[in-house]
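Number of protein chains: 4
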Amino acid sequence: MSDLQRSISDLVIANRILANQNVVDAYGHVSMRHPTNPEHFLLSRSRSPELVDQGDIMEFTLDGKVVGDDRRPPYLERFIHGGIYESRPDINSVVHSHAEEILPFGLTDVALKPMMHVGGLLGPTIPVWDIAEKFGDETNLLVVNPDHGRDLAKRLGQGKITLMRGHGFAAAGMDVQEAVRLSIYLPVNARVMTAAMGLSDHIKALAPGEIEIRRLYNPKASESWRAWEYWAGRAGVSDLLGPAP
Amino acid sequence: MSDLQRSISDLVIANRILANQNVVDAYGHVSMRHPTNPEHFLLSRSRSPELVDQGDIMEFTLDGKVVGDDRRPPYLERFIHGGIYESRPDINSVVHSHAEEILPFGLTDVALKPMMHVGGLLGPTIPVWDIAEKFGDETNLLVVNPDHGRDLAKRLGQGKITLMRGHGFAAAGMDVQEAVRLSIYLPVNARVMTAAMGLSDHIKALAPGEIEIRRLYNPKASESWRAWEYWAGRAGVSDLLGPAP
Amino acid sequence: MSDLQRSISDLVIANRILANQNVVDAYGHVSMRHPTNPEHFLLSRSRSPELVDQGDIMEFTLDGKVVGDDRRPPYLERFIHGGIYESRPDINSVVHSHAEEILPFGLTDVALKPMMHVGGLLGPTIPVWDIAEKFGDETNLLVVNPDHGRDLAKRLGQGKITLMRGHGFAAAGMDVQEAVRLSIYLPVNARVMTAAMGLSDHIKALAPGEIEIRRLYNPKASESWRAWEYWAGRAGVSDLLGPAP
Amino acid sequence: MSDLQRSISDLVIANRILANQNVVDAYGHVSMRHPTNPEHFLLSRSRSPELVDQGDIMEFTLDGKVVGDDRRPPYLERFIHGGIYESRPDINSVVHSHAEEILPFGLTDVALKPMMHVGGLLGPTIPVWDIAEKFGDETNLLVVNPDHGRDLAKRLGQGKITLMRGHGFAAAGMDVQEAVRLSIYLPVNARVMTAAMGLSDHIKALAPGEIEIRRLYNPKASESWRAWEYWAGRAGVSDLLGPAP
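Protein chains in written order, with the working numbering: chain A, -8 to 236; chain B, -8 to 236; chain C, -8 to 236; chain D, -8 to 236.
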């Protein structure tokens, strides 16, 4: 199996996992940087992640143009992915989701913080990108051109997550497993913080030192593979798994 | 396949999607205006949406009378549908649901507002119809005659949604896909607003300009089909789908 | 099929529905008054409702004694059922459940009220029985003898529901369909009230006149059968259904 | 079947139940003290509980060393188990979980208390172990050596549960059925308390006398077996069940 075939299979696994874990529904998407051409990325045609198969994967340039003469409708918001790949050479996979658990944090002045060990991966600050700040309040909130994508990537900065006001989030990982992992534990961390705030005004987030350690992701660790294998099994795509590290 | 057969298949798909997405349970229903006779509408016999099949669809006049000599028991609340079709020629599909997420908004003086991009479809104001305002507090809360239906339609006005105090909601779409879409994202938007209010008294709804754009529904967009195809797949009725637009 | 066989099949259906609807888990139970001997009632042996089959049904006197030489372990709390049948000749089916949604109402001084049309069936007041009031605070909270059962029945009075502090609820129906229906919509009504109180201190319950009408249950209505048929289908026991009324 | 084979089958059942009941996800684990060598314990290799089979079970000394030449990667946090077995000869099974419902109680100064009869098993006080108290705020929050494990066990004391700040909980049972039971009802009890606090500042926990009675666990009771049989059925491992007591 070539690097490209392996990448495409991993991207299909990621689509199915995100659907099975209720991180995405009809909408939302996940991409990977092309394994041999860092100026391109791989992303499904406009299709719900639960239905995505190898044949659905298309190839794009970083400014969101289709590579080749593939005429199938792409996702409108592919510029989220391109914008992040352009500004962050260390990032090789991006997820965009509308997970409802995180939306309250973009609608209030309460900042989402890492509350639990698996939330430490999110990093110390989780910014909110509001499309209206730069583009005014007459957009449809979607990231539909390279300018939108670059502005979002600027708010992401050197972090792994940015919330998107009234819309969802973008998660950026060093590989597809990290991007999926961020996307699964971000909503869990949001639910925990929401519930804790219902109990008390004084809640204890992770300490800065704890976050520094927890934000490191090791793709070779058996702990990382354990989750990937489990999520793939739940999503019914164990047969697509590559070899354990 | 005739227009009528296509409509009936789409209506069966809509029934199954709403059940699968937990928008309706034993109760709730979805109708379509008759494709060739705008003075009639199509609606299942009294049956839970999850169980509805092509043979269950009956035909009604706008004041809720059964067309033909079909003797099967109809839904008591078919007047919700007739009332809306009568007052709104632009509406071709109606959903009625008891989705619990929206009920709190009819029981308090807190107005439900669009909080997220997919909630923009709901429009700028989401009124509450209280049957007791006109009919007193000795009803069984159900919409069981044309007067009830017309009063409800009046509160709906030119909007797409009206909540029904202590009961549920009615959603009105230009086609069955829009009515289903409204019914799926209305409860999501309500959950997001409920959670946000638990975090802070100051929450930011969509801006008026954003709602103006988001409330437009394009039945031909690949984004619309993407969701319909996904929901049908989850509900196990992919085989009933018509051709993609 | 004899009356007794029909009753036993209906009781199996009820067990499976309550498990499928998450009203009961490993614990909780549902009984019926014996169809030809009103001094006896039918109840499964000590088994989780999801696993109950026709052969598991035992027969008891109203003070909880096993009829015949059936040596299988019965439920410890069969006295809930006997106590209610003894004091209420109009009641022919009883459910006991630990549904967590209703527990907060027994632990605070906030009274649960009917908030929605299907909640009207619960009646105007939903009392809380606290075993400690009469039996002190050194019980295991269970209803394990006829005295406990009679005290509970006294708190139920002429109503259909009593909450049980720190434990769950008992629901009393004129037939098994009503008892199941009460048990399904009681937790829904509790969730709606809990969410509404999170939005505002001023919430509007059903009006007294609305409750008077909604508390009436008609076992012959097609609306009643519609739900029973649907719930049985979800629970995988459609094949046990009797004929529609 | 030998005692060891029986123990291993019970441990596989426990793994599958905890996954099926959403007490564990990709992470979390359950162990048993070795049935014939109390200085050893049994625990799966590093694998998600839903996927654990008989062949995955490894054997460890109480200080977390692998017994024999098994080279498969073990769980990093096996020291939770060893630490508790070392300090508590009465404990024969331990569960570690990240169940999100309990996390808010470790992040605020609100103490989790038994609110319901099945919560009485948890005992009168449910302490929170904060790794930072002894080991500072530059850990990764995990229990990765015998010192961590012993410090956790000290906080557990003679109880059955300790919460772990920003991480999860550890539950200690006299046998594997009690450890699983604690782990299932702890999150339920936490949800009930969280919801009750949303209704009122004055909530009534179980009385001390009630807790004293409810904290006793009887492995031979038909009530205990009823739940174990039910949970195993839901998890699809009924075929592994031993004989009823």
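Any given hint could turn out to be false.
If several chains are the same, the list does not tell them apart, and a pair holds so long as it fits within one copy or across any two.
For lysine-lysine, the following BS3-like pairs were computed, each having C-alpha atoms within a straight-line distance of at most 25 Å [unchecked claim]:
{"no.": "1", "residue 1": "211", "residue 2": "56"}
{"no.": "2", "residue 1": "104", "residue 2": "145"}
{"no.": "3", "residue 1": "104", "residue 2": "195"}
{"no.": "4", "residue 1": "195", "residue 2": "125"}
If you are wondering where the hints come from, they were derived from the structure by calculation, not from laboratory data.
We went through each hint and held it up to the structure:
1. 211 with 56: So residue 211 and residue 56 pass the 25 Å test across copies only (22 Å; inside, 33 Å).
2. 104 with 145: within (20 Å within a copy, 30 Å between copies)
3. 104 with 195: Both. Shortest intra-copy (10 Å) and inter-copy (20 Å) distances satisfy the 25 Å Cα cut-off.
4. 195 with 125: between (33 Å within a copy, 17 Å between copies)
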